[in-house]
Amino acid sequence: MELDLTAVDYVQVAVTDKKCMKILPNNDKRRVTQKVVVGDKSGVLQCFGMKKRELNSIFKLLPGPPVSKLELGGALGTPQDKIFASCGSEVRGYSRKGKKFLDFNSNLTEPISNLCISGSDLVVAGLYICNYFCDCVDQGYYLSNDRINDIICLPVNRRDEDRLVSVLACNDRILRILEATALKYELEVPGPPQCVVPFKDTGGEEGMELVYGTTDGKVGHVMLNNEQPEYKWEIVNEKNLGGISCLTHHDITGDGVPDLLVGRDDGTVEIFSYDIAEEPVLRFAHNFKESITAIQGGVVGSLGFDEVVVSTYAGWVSGLTTEHMQKKVTSSSIPGNTNSANTQPADMDEDTQKKITNLRSEVEALQISVESERGRHMEQTSKAIANNSSTLTRPAAFHINDKFVLSPVDASYHLSIEVQTAIDHVVLQSDVPVDLLDKEETSAVVAYTSIPPPTPDSSGDDNFLLATYRCQSNTTRLEMKVRSIEGQFGHLQAYVIPLLKPKSCVVRRYPIKPLSLHQRTHDFDEQRPMNVLHLSGPFSVAEIHSWVAFCLPDVPERPPAGDTVNLYFANTFLDTQLACIYSKGEGIFRSDNISTISILKDMLTKEATAKKINLNIQYEVSDDSIAYTLQLLHPKLDKQLMLAKKVQLLDALQELQVHEGSMDFLAPEYREILAEADKIKAEFKKQPARLERLYGMITDLFIDKHKFKGVNVKQKVPQLLETLDNYELPALIDFFHQSVY
Amino acid sequence: MLVPIFTLKIKHKIHPRMVTVGKYDGLHPCLTCGTTASKVFVHNPHSQAIAGGRLAIHDSDISLLSINQSVSAVCAGLLDTTKNRDALCIGTQTNLLAYDVHDNKDLFYKEVPDGVNSLVIGKMPNVDKPLVVAGGNCTLQGFDDTGEDVFWTVTGDVVSSLTFADFTNDGSNELLVGSEDYDIRVFHGDEIIAEMTETEAITGLCSISGSRFGYALANGTVGVYDRTARYWRIKSKNQVMTVHSFDLDGDGVPELITGWSNGKIDARSNATGEIIFKDNMTSAVAGMVDADYRLDGKDQLICCSVDGEVRGYQSDRSRIRVVDANKATTDMRDLNLSKQNLLLELQNYEREKEPLKANQLTSSEKIEGGIIPVNTSLNTNLTINTKGRPHIELIVSTTNETIVRMVVIFAEGLFDGESHIVHPASSALSNQIRIPLYPVKDTLVELHIQAFVSLPGSCNFHVFEVTNVLPVFSSYLYDMSLTKEPESYVTFAVNERMQRIGIWMNENFLLTNEIPCDAFIDAKFLALRGGEIIIKMTESGQVTIKTDNIDLAGEVIQSLAAFLRLEDLQVTAHFPMHLERLGEIMNTVDNLHAVNQKLAAEMTDHSNLIRSLVVRAEDARLQDDISNMRKGYVELQDLNRELISGYHVRSTNHQELVKSLKVVNQIIQKASQLRVGKFQTQVVSQCREAIKNSQVTALFKIIRAGSA
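Chains as they are written, first to last, in full-length UniProt numbering: chain G, 1 to 741; chain A, 1 to 708.
Calculated from the structure, these hints are not laboratory results. Every value quoted in this text rests on a predicted model; they were computed, and no experiment measured them. Take these hints with a grain of salt, some might be off.
Unchecked claim - As a list, the in silico DSBU-like pairs of lysine-lysine whose alpha-carbon atoms are at most 35 Å apart:
#1 Lys239(G) - Lys11(A)
#2 Lys355(G) - Lys235(A)
#3 Lys685(G) - Lys714(G)
#4 Lys439(G) - Lys403(G)
#5 Lys52(G) - Lys82(G)
#6 Lys403(G) - Lys339(A)
#7 Lys387(A) - Lys484(A)
#8 Lys83(A) - Lys692(A)
#9 Lys200(G) - Lys289(G)
#10 Lys584(G) - Lys645(G)
#11 Lys714(G) - Lys636(G)
#12 Lys278(A) - Lys289(G)
#13 Lys692(A) - Lys439(G)
#14 Lys99(G) - Lys353(A)
#15 Lys339(A) - Lys289(G)
#16 Lys83(A) - Lys239(G)
#17 Lys11(A) - Lys639(G)
#18 Lys679(G) - Lys278(A)
#19 Lys584(G) - Lys606(G)
#20 Lys503(G) - Lys692(A)
#21 Lys686(G) - Lys645(G)
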């Protein structure tokens, strides 16, 4: 990681949406810095460049409807420097000087959330429908099975005779390749793709190579050969960073090969360069502490220095430049000069000093006007109360950017809340038993309210968790981890209260599904022994689909097209699998985990009863599946037990070490524990209560297995736990197979 | 970023809060820390130590002291002014050891039955020699260099932190005592001159400069007091391990340095609490001291982590500058953020300018937008509800059809955490929420109430903020229908108008109407936590407070004395139940002492026996007499078992003793709380005298009448 980049802030605009910032290409022959164009949620589209470190505005349009996407385009074969912005259902085109040349209403019912331009072809998409226009004439549409997250058009350097190919990144973990509006084929990726870009900006040699980024933080490379995709590398999210929000390529290292620039939800920016085998190697990482909405590469700050330009959710346009600014600042401070009398540090260069003073006076002026407005508002309100007036009032409005994502690495949900202004506090409430886990990075002070046991006269308030997160000053982003238990379902609610006067609050609801730890997947291992649940009855596809959507995450709202729906899931904690195949009047669910089937059975019957639909339920329980699942659990359990044992021994061993001085008399395994002390502790700290969770799941497995045979084995649970404490896989399997009569 | 000027890796764990530094030879500072296996290590990089006695040389620089009891506090300082050498004081749960590291001998070894939780060395007024003060269970004990205890007093609860500071700015030091009952008490000699109530157990105290001192609480709060006024405080989710003061930026004003459980070290300006420097250690900070560790004439701040990492920082202006350069960027960010906040607020006012008429919007629009009538106002009311378990009830309600979705109360010392949430089920929403409050202590609490108001079904809420005050004696219900009169009482005379007492009652109790106080006062209160209290005043100014709760009586008297600005107050106290209890406990203590002595004698016998058995068994082994050897060792094993069971008896006996002593100390403290000013200190010193001479009857008399 020899890259050394310096962060610089350029300008702050209003809240920005994804992909709303671009760097204009230089078509001038003169050597000038590139211009940045950015559109925000207040509808302002502006273009600026940097001149001697001063912001030089090229144009700035008046506020309007929020800008949802920004793209560059132009006639094929010419520089792509026309600016296209989508607001609501309209697409507007501007020249690089800010002159509007296109005002096109797509007449779509949903607002445009994705936009792609290639020559005179325009692809716009709402949440599910993708429309294709040529010279602003409607050419047809495509209806996607799940939400469309991103669209790009291929090939990048399209010639007139090339047909337009567009790639839709859809939430059901599929990249859909369209030729005009016809689906050519579907391509499975390991997570819900959030963004997709052509490989190395050009799409590789064939022009058909893609790089995608997923919501769970993976980046991958795939090559589209005729009909058959070829998967290249994949960067897994080992450090459990945020989801990928934007990708691009730019040669930052200056070696002639474009580098991959990655922007994430949690504010991390990473730069990967490609080695000889075209595998990405991490070269640089920086955290902006606000989620990144767009990332670009270019020469913006000063000539001759390539930089990464990002826009963040709160509207900052910042750069990571190869130019060393900090050097200039620090070199003027002479080390050892401790007697210098001036209290104001002289090493802050004058420009910055001036900027800060300007800003400070600006803020002060604002403060005064706010103060007077505040007074007026108070007066108005008290007058209204006195007059008993019938007028109404709105709460203060603010934008929230929130995410609730299952992280497969530790099988827990990551909740992130970001507000455009500083957060005062967040109140979390849940009507399902969930655990809140501490995140090292979060500095907020957490306070739990103890929930009184429900008394007979009050039926309880449906609260299992009540907690406040009081943020330290100037926090705009809050992250927390939530661990759920399968089989328990309900909602987690976050009441967000920003530091705004008058105080207002917005509540966000996040469903916790009965099979909350499951994740959509495309692979299904047919070889495993399976338990089968077979449903039949007078229900429609839409009905059973809604039941499945109620039970499992990652299921699209509407049933996918076709008579039969095939969905596969994997349990992120246990690695067991589930296949759902259903059509009108029939549903088959297969899983190697009997608990999964048990939960599904309970939920589906409950839902069907609520709809007064008579279900015919059959199930086949495979005894082999128990042994198989336990075998699957074995390495995890074994590892956790070993770890717990080592941690237990550690303190005693360390005390011995102090007493005896030398450790040579100890058995090698103990010496090993001592040598790896730090590692063991860190690992143990990383996954608190993992063992308890495993125990819980094995207990569920045991109860569910016997439940299908109509036996209640609650009284045998202590015996099971005893067996677990002296854990041996064969003994455990035997215990499961013992008859309980 | 300030970089440490030296880092050391000591291969020993360091127990939190057990770090000190002393010049044991009068010249070279040595870092001294409590470590695992009941040992204390002395890091001496400058001169060679000599092994022997308690000392064992471990590495070249490290010598280990074996204490054979788990160490609970360490402190080094000058005790013997004639010697100019620091003594090392080590506290355990039962003893205090003062040790001369240089000569490798014990200065004194004293039994301290109340345990030693905290140690500090310094000068007390009225005592010529420096003292080592040990804070234990409710007691403070000061020893001079010969081991004589020349200072003794009681305090409210287990002492959790101690420091010397010039609280009154008069050039002589006061002793600041933080205890687990959330109080910081200031002792000038054995007189309490000030008392501040915080919101959690006080885990750290440090003098900064003059009357300023820093404090840390168990809930992650650090802050600075100047005398009794709090300057600032901040709270973090991490635990404060230690606080210290050091002038890190070289501007002549010391900063408050805090070491955190996550390894963070930060230095904050003592005037504003603004961070001027921070660094991270790899594990929790164990302690911080300052000393001239490099022997270059400048003091360094030395920070130790629990894993034995030691870093030294020197105050240096030029290095701090670099931080300033980075600060410009953060300043810009912060300013921009506040600018955005203000702009957003303006925007919202702009939008509000056009009054919304009710008929402009459909009802669903109203719900979606979180719109409520302008004339909505919020009422809060504090009452006492005696239904079920009696409690204080806070009623939060709106005036119209809007609902209160949720109420969040931020208050310190009232709940487990800093906040309390009431979130009714969505089916049970109305325009009113009743919140039961169960204060466990009688203190003034500010309730910062936030009510989330909207029309039913909305996802946007107006947040109404109200601050209510829960008076000190809010958990006492005025109830004249009470018939039972408590047996115990205190009585005293005040020279005050009746109405003044009436005002005091109105301010400090939660009353629905004023208590009549024309010719005399007779007010009966039912305590929500059980029991009752009756406050009477006759025309002649004789005040009687009847309650079986001696704590409560003390608190009422202290509150009343503060209100009436009484400097001294002597009372007659009649607490037969407490005295009876005290008598019983004194008996138990005597018994326990006797048992202890017997057990100690037994143990000595056993250890002699062991010695001979070992010799015999080893002799047998050398003579290849295996059967005799085995016999010897079997006997040894039996004896060992007996010793262990003996130990268990001793340890329970000891626990019992500590508990009893704590109760005795607490009763003395409570008796002193019934008096004000000089009579308060008089009770403590005379009680101590009586206990020392085991005059139980005198003790009773002092508690009753305030003097012997």
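Okay, the hints, checked on the actual structure:
1. Lys239(G) - Lys11(A): The hint holds at about 30 Å.
2. Lys355(G) - Lys235(A): Answer holds: Lys355(G) to Lys235(A) is near 32 Å, not above 35 Å.
3. Lys685(G) - Lys714(G): holds (32 Å)
4. Lys439(G) - Lys403(G): At roughly 16 Å apart (the allowed maximum being 35 Å), Lys403(G) and Lys439(G) satisfy the hint.
5. Lys52(G) - Lys82(G): holds (26 Å)
6. Lys403(G) - Lys339(A): holds (26 Å)
7. Lys387(A) - Lys484(A): holds (20 Å)
8. Lys83(A) - Lys692(A): Roughly 32 Å separates the two Cα atoms, so the pair holds.
9. Lys200(G) - Lys289(G): holds (27 Å)
10. Lys584(G) - Lys645(G): Distance ~52 Å between Lys584(G) and Lys645(G) Cα, so the pair is violated.
11. Lys714(G) - Lys636(G): holds (25 Å)
12. Lys278(A) - Lys289(G): holds (19 Å)
13. Lys692(A) - Lys439(G): violated (54 Å)
14. Lys99(G) - Lys353(A): holds (34 Å)
15. Lys339(A) - Lys289(G): holds (18 Å)
16. Lys83(A) - Lys239(G): violated (58 Å)
17. Lys11(A) - Lys639(G): holds (29 Å)
18. Lys679(G) - Lys278(A): holds (26 Å)
19. Lys584(G) - Lys606(G): holds (19 Å)
20. Lys503(G) - Lys692(A): violated (62 Å)
21. Lys686(G) - Lys645(G): holds (16 Å)
The structure is inconsistent with the numbered hints 10, 13, 16, 20, although it conforms to all the rest.
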